[in-house]
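Trainee: Each chain is listed here by its residues.
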Amino acid sequence: MSKTKEFHRPDNWSKAHQLLKRSDVQTVPLVVGPRPIALDDRAGDAFVDLEKLHLNYIQLGEDGIVHIGAMVTLQDIYQSELVKSQAGGVLTEAAYFSATLGLRNLASLAGTITNAENPPDVPLALMALDAVVTVQKDENQTHQVALHEWMKDCTKVLLPGEAILEVGFPAQPTASGALVRINRTPRDKAILAAVAVLYIDNGLCSKASVSLAGANPAPVRLLEVETLLKGKSLTSELLAQAAQLAENQAQPLGDYLGSVVYRTAMASVLTKRAISQAMNATK
Amino acid sequence: MNIHLKLNGKDTDLVVIQDESLLTALRRAGMWSVKHGCETGECGACSVLMDGKLVPTCVMLAPQADGHAIETVEGMSEINTIHPIQKAFTEMGAVQCGFCTPAMVLATKALINKEMYPTLEDARDALSSTICRCTGYVKPVEAIMRAAAMLRGEEVPPIDGGGIPMDIAFGLTGESDLGRDLPDFVKGGSGSEVKIKKDVKIAPWVTPESQTDVVGRPEIKVDAVKLAKGKPAFTDDINLPGMLYAEMLTSPHAHARIRNIDTSKAKALQGVHAVLTYKDVPRVIYASGGQSWPNPKPWDQVSLDNKVRFVGDRVAVVAAETPEIAREAIKLIDVDYEVLPIVLDPREAGKPGAPVIHDEPDAVGIPDASHNLVNVVDAVWNDVDKVFAECDRIFENTYYTPKQQQGHIEPHICITYWDEDERLVVRTSTQVPFHARRMLAPLIGLPIKRIRVIKPRIGGGFGGKQEMLIEDLAAHLTLATKRPVRLEYTREQEFTSSRSRHPMYVTFKIGVMNDGTIRALDMNVISDTGAYGSHSLTVASVSGLRGLSTYKADALRFHADIYYTNKAPAGAFRGYGAPQGMFGLEVIIDEIAHSLGFDPLEFRRRNAVDVGDHIPISTALGEGGTIEQYVLSCGLQECFDKAAKSIQWERRNDPKWRVDPERPNIRRGLGVATCMHGTAIPGLDMGGASIKMNDDGSFNVQVGATDLGTGSDTVIAQIIAETLGCRLEDIIIYSSDTDMTPFDVGAYASSTTFISGGSAKKAAEIVRRQIIDRAAKMLETTSEGMYLRHRQAIAADGRSVSLEAVALNSLHTVDQQQIMGTASFMSNYAPPPFGAQFVEVEVDTETGMVRVPRMVMAVDCGTAINPMTASGQIEGGQLQALGMAISEGMEYDTEGNVLQKRFGDYRIYEADEAPEITAILVPTYEPSGPYGAKAVAEIPMDGVGPAVSNAIFDAIGVRLRELPVLPEKVWKGIQEK
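Chains as they are written, first to last, in our numbering: chain A, 1 to 283; chain B, 284 to 1260.
The following block holds chain B by itself, in its conformation from the complex (with noise of 0.2 Å):
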């Protein structure tokens, strides 16, 4: 039917399918900023204004906006124009991801037609439709005020400020300092008194006073335009010519063997192009983690089984002309179940009698498939018990945390085709490419030559999309139909199907002395991985390494079981198991320190371990070899000192302020956790980066970075700007296609800046120093002192010639040279960065609510190379983490479904309810990191469940050591106290 609206300010007629969503039909009319998070309305991400009104896409028929006026980003800006509020947006760092940007900005301008002075409250109201998963909601809040301010034509602060002293950057390291030989008590053991050795030249030029750039500078994210802009940029937004719509037929039964599946009734429906199954595929073993080759086992998948094992597992796959065709197909399937017994408790199914998950032979490398037993890792340190048996006092106790969901507002999402030298082109929203196409190959039968990974912009991935998880089945099918294939996940699909973070029961034995020493840890884990073994020993081996690292002792033990179960996988998910102990080993240090008569966070000052300290536990449990590592920086009391200051730590000392007169079922509380997280996996990761310069001095990057929306690839083009002497916007750079950057890792492990960003910054000195011997021989003097700042290559005495005249004379003038340098970077040193996160709490002793009104995070990660992206991170990490300890946790029945299949059943933060996020760096300089710096991304997710738990107990004296916590928990807490 034909449909009239006022498109953008534009009369315009659409041709759409009477029932096809809003959303549908705006996406196919070219409006490609209108995204697809859900089918519920609940995400927000397809929301537009309809009359002046915000309102989500996907539950609106196409036909109900006939008649209106519709607008999207698209109307708000031209090329080379940007709308004061997207600028608003890019220049506050309100933009991450930027997959749901586009509604945010239609949500403030919706707002600001209405009320040209809005408050904070207006602002979160307005962004209340829009789940954002990234930032935390603290900056784009910040950008609607900016935004108003700017439309009502009032003068706005400038975004700038930051750098590092010139001499911390460029005189400690010097011009290659990555790689190097670190300090002598690195070698030599623990050694507290051993200070990092300034023994490297100074250059003249560097002064104290002088700071950096770029470098240490909240620069606007170089791809925050076009995702404010709604550019087409992510995986779904292409057309291709004769693509086909794929959807997946799932198991509904948890365990069930498929006796037979008959698709003929499915194959000859009209529109049908191809329907595989189990009998279809090649059956090739392997396991669907993103990790390095080769892949940790078990190897315990096929792309189509003639088995499912949990509600939600892969039954059948259909490409059809329609994604309507395609899903009428799916009900065509005819499958023959024989349904099997079920276990849903790790705990349970080790048990002898426990229906066993994988009994298939060709399976590689479970311990103990009998028993379920997907992993077993082991690690210890000194005698444990010889050292329990000296302890004045022993702890012990459990702890659990959820299965929680990533929650990526854009879904997994796979666009594979045909080039025309008949590669297989695979587009796809994936944190990591290069370990994608190496694991793809073997299962469709191609050469990795062959293939060709493109990762476009990504909608946010927190490890959900560390994983090969669906573009086996897109390429497939265009095998079988030599047609491009797009394959999504529905939102539903991202709760039964997809990954989560592991379930865990932690279990601490402390052993400690009378004086607040502690001596000797004890960490046992049960973990639950599903039905598959993605990420399970890594994962585990995170936990025990996060779990037996923050605290100096003089014994360590680990020991984790890690079982099957018939759910939906586990998988990566930001903190990779560092969240689940660390939620075990912090709750436990307050029970210590309260029991023992200390301050919580005193006692944690005490013990914690500092620069210098040995991590000795690292040798057992890292997964990149048996590799010392020692504290090399760290900027811990310093962040328990601001932190503290920050949520005013004394005031739990004040009876007053821990009761509320007006609400006398109010008590109040404070709690600390400190955070320790890691940098990357020692001797293994790796990336590379290759830059050229271009004619008029600026200079082309490639990096198999994959930049999920945290902004590496910002940082990376900051550090090269930084050491070439030239400013942001010469830096252009491309990331993540298999075909045109160098490999990389991925996006994982908190490595990106100090990987990829190291491998930038290495292949940034190669051409530095090859701009500077090309300028000294143009100004016919010596490289000796010469430096490049401010687009300029600058003699020792001053004389100077701009970037552009080198690249002109070297590419077109005297002994004519490409001028360009590739490098990669692997490190054996994962630096950790430290936190110290607090969190305020309100209970309600009448229901059990846990109100939070405040959380305050102080983070050393190093240089923060861009402070805007960093404090980003931790704001949106530390709502992601209170996600999960207050009310994010998958929960199933007992036939094995998932009880919360829709965002607003699962409860991910709106921005109207999100506590006040304080994001505090403390800087420090970390030797083996480009530009001193090291991780950011994941540390935010360790601290806040246990600091919740402990705020609670501060409150109300009941101490809860299982997330979330759910109002019932907490109320029974206070009845059987």
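The following block holds chain A by itself, in its conformation from the complex (with noise of 0.2 Å):
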């Protein structure tokens, strides 16, 4: 017979972190993101809640970065003026968009990022915000991961003991940002997905940053393409050479919801739609 799972709340990292280096108990996080795994279903012996470490803030440090804490859910993002100034409101179209209210209500930012199969808006909107992970490794000591890195393979970052403390990513006040999507029905989970973010001065593209889910096994930062915009006046022409570069770097998975053919081609169309509506929020 099955033991039944331990559960624990820990009320400080210490006791946390105890828990969960444990070796002979498989011990986990218990995070949920916004799309749930069915309890039965879950990884681990024992769950360690982190409810009570205090993880559930959203702040602009005086180091210019926007904190949002590992336990903040998907409905406080939503809500959070902060995030709603940032890039144009784009973290906050993503987490509205990632799932409905009730799960929303749940869904932690740690829960979000730690499952492959969760929709794809979140991750993409802080990766184009330049995010970072900081995970506590145990009590004092906490190392920090490009969030474009960890979503290379966000199962298997996190090491035994570990648990992400946070996510921050530089206040973007100024910049525009947008979200695209493609999906069967407006609230879908996307079938593929990008976000724009940038920064516009004088006519002149001074930063972007561009993320594409759907074309690649794995959410992707498209470096070329950011590379190509800095410093250019954002023509049509340029787009089109943007979208080129994103369908050039695509290298789909196809399933019954679009085929390689299919998100190839349409990783050129959202990259470019995400980079004009970027654009056009700026005007």
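Simulated from the structure, these hints should not be mistaken for lab results. Note that the Cβ used here is the ideal one computed from N, Cα and C, for glycine as well. Just so you know, not all the hints are guaranteed correct.
[Said to hold, decoys possible] Listed below are the simulated EDC-like cross-link pairs for lysine to aspartate or glutamate, each with C-alpha atoms no more than 20 Å apart in a straight line:
1) A:K84 x B:D405
2) A:K84 x B:E404
3) A:K52 x B:D334
[As the list claims (entries may be wrong)] Rough simulated footprint, nothing fancy, chain A against chain B, three-plus residues with beta-carbon under 8 Å:
4) 296-302
5) 321-331
6) 336-342
7) 801-808
8) 1167-1176
9) 1193-1206
10) 1246-1252
Two chains, two frames, a set of hints: combine them into the complex.
Mentor: Here you go:
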């Protein structure tokens, strides 16, 4: 008979770490994403509820970083004025489209970036915002991973004993942003999605961040596209080049929602559309 | 472990298992309103308020609630009180099956607590967490707005109005219209000049100005209050001492023979009471479709077999002390499979060399098992080829409709137990309690008289519960263990092991004249029944019946080949073959109209059937025998008028409307489809009703009719109340208990208002006559001209006596007599309801995405006995149909595994993405139905798919002949254009 799984709710990191680092009992942080896994299917023999560790903050630090605690819910993100003021509210929109109200109330940021099956919107938006994940290694030590690196295989980044502390990104109130998606119904998980965050100064793109999901095995930053756009006027010719780059980089896995051919073609369409919409948002 | 929480405002300590769900813990604590609909938090039926916020509890561990405040609807009202939110939901008709209603009520509470003046957008967002398969979210959104107004202290308008003219309700049909001969033209063949004869006497108290008191009015559903309050009304809302929990072991292979199965380890597990395999239960061949005796063939199933035919097929079943032990036992069963080749495409299944799915020698009625051919249907009227030869143009194309899952939020669930008389009680969520009892008896070796089937409230069915799907397994386990047994499907099992709509390839060949006259229709179907033949014959027949009835023609021909494949079986699903047939028909009609240069609406108007028209194909395809069918009432042209006006059909000719300057990649279009359905199965469907009068002038009613959330209990009670001159609250209705109520075939074929309502009206007329006779004696007058109204028996001279006085007189005073009546009703006529479906689309020309901002459907359902419930059916049905058009289609990998095993992946429309949905009722009076009623339940499934396809063509000139219209399909069409 399977043993009943343990439940713990430590009130400090020290206790949490002691639990999480156990090698004899597979112990995992209790986090839920916008596409929850059924309780019976969740990995782990023990769950550590991080509720009491005060990880539910959204704040602008003196370092100019927007800090979002790991246990902040998607609804908290959706309702945050600070988040709304960043890059045209692209993360706000991403949080909204990630889940319906009840799941937004339950799903945490940590849960959102630790399951590759989750809707890609929030990770995409955060990637385009240059987000970095801070991991609590033990009670005294943290380390950081850029989210676009993290998302390459988001289920394998955390080591035993570790838990996500927060995700932070540089405040970008003057940037514009856009999230574009292809799906069956308006709120459906995106078949493909793209996010663009742009800084336009005097008609030139001083910085561009573009992320894309659905056209590769994992969400990606389109670094070549970003380089192409930087310092240039975003003409239709340039957008076409950017779209072509995205298409060239696409290596999708096809499924019934979108073949390889379709996803490759849409990589181009969505990249161009995201950049274009972000550009228009600055006007 | 112990947790402490504030439950509905009270400090509460609960003992919980640390890895059980909060849902389980709350239900064990008596919070029956918290429902299980899935295991992944996506349906929202399990939602509660935690610290004022809506959260799904199925994905939360019970200990997570420790230290928090939890609210359920049990805390919102007491006996005899109702919270304004619950009241608003009942008044606005927002409660259909009611399974998700508590979650919606809580979502409303959380919203209004935060925002006293919610917008419609707020309301839709609040409801987005709760998938409702019944309502289309229209009335729940309206309920939120009404509740907010009530809680702000504003006066809200009464929900009233309606009724139908008394002279029509009572004058046209007289007292005993049902079952009487229909107008002469029915017997004499077609003839459009013939009018329905108004040859019955008009009662003197009836005036054209007066309206019915109950019929035709938006009465609150009789079960709405208890459902809004979350009362324990459903199958699982019961706790029986000693109840065991069952789990199924299902096949991981799409086709395999079981060489051996070893259950010894599972049986040895502590807490396990029974493990059953094919070795343990008698091999009795049956068909699982809930249909009248004798069940249509093939009979190709047994309770447990030594062969599996799809991933998810039954292998073994376990009963144990807890669900956890049962699940553990399942893992301990060793099965040695001989894996066999599979076939997944019905177009390949009949070819030489395809694996034979049913090679067992004892299956009955498979025409050609060696070629996986389950059934063949042929029907012909006149010489089709000869007429084709006379036609100016012939059009031919093939259309595909997908395997759609019913998606009722309450899963299949059944609880079986021995009662004190050692009779087996089957408490089950079924649409067909009487069929289930009859079909179950031989499988478990008990006579029918030792089985009682009770149908509590049902959390949606849509045809998925017109099946004896799990009752036999639960019963086998109760027989084996002598204990109560509960068996419930998980949501994943609903996708892997339940039923679905039959996927079909429908080829239409239509011959027309250049003047726009349709001359001949030839319809060819390849249907995929999956691994078993349940409903396969009759579903395909209905495809033909509906596909070949809507338009007049000189010749008709139908052929269907139905094949087995190694996929989960198809079965009954709202529409029952009609949506498949109507998709092909209504798209090809659109193609023809465009090709000939007609406005597609005008082309339909020109060719559609009308009053007096003969439906010749019904004679060949009718399940109940060769009964001629005619159109006795038809409001189709008015449906076209009203719906076209509502959708602003003329916009399609406005180039400015068709493009959006702000979104240059978007093109707009409008599409239309004609809808024509049936009402019950003529010559076959029958229902019974029994009524008795109580001391206070109220009435107990027993009906076999199965209310699966549609409101049939309510409309039946309305019919009776109108006939007996009392109020709806004077009718206490009890339905669907094989021990207590008369027989009824069950809830399917759009039959309940017509058939069960017909029996109710007949029984009420018997009671009415007894009341009038007694009242006449009490008033010392004659019954001539006496009528019942306002709880009075009123004599022609104006004197009256109350129904209560009549009851007391009859029960206690003079010539004591129980005033009561029992009647049954069967009809040889299946009056078709008609509808006009319009859809507006926006197509993204770069991505192929299709958005539907608006749908409008006008329906002629005869008299809408309850316009609120009728419009609710039309709204909810349209959204369910939109799902099939846009997102819902079960896909399989090459090994036969279904790819969508949860709601999120399958994708049912949620509240905040659903289009604006309009339902328009076009009243006609159907002479063969109770108070002029005909069906409304299924017709909303018929037109949305083709209207979407037609609207896409209107928008971008691409013809989509396959549903659902996934973005890539549209994109490909654009590329190939």
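Trainee: Could you tell me which of the hints above the structure violates, numbers in ascending order?
Mentor: 7
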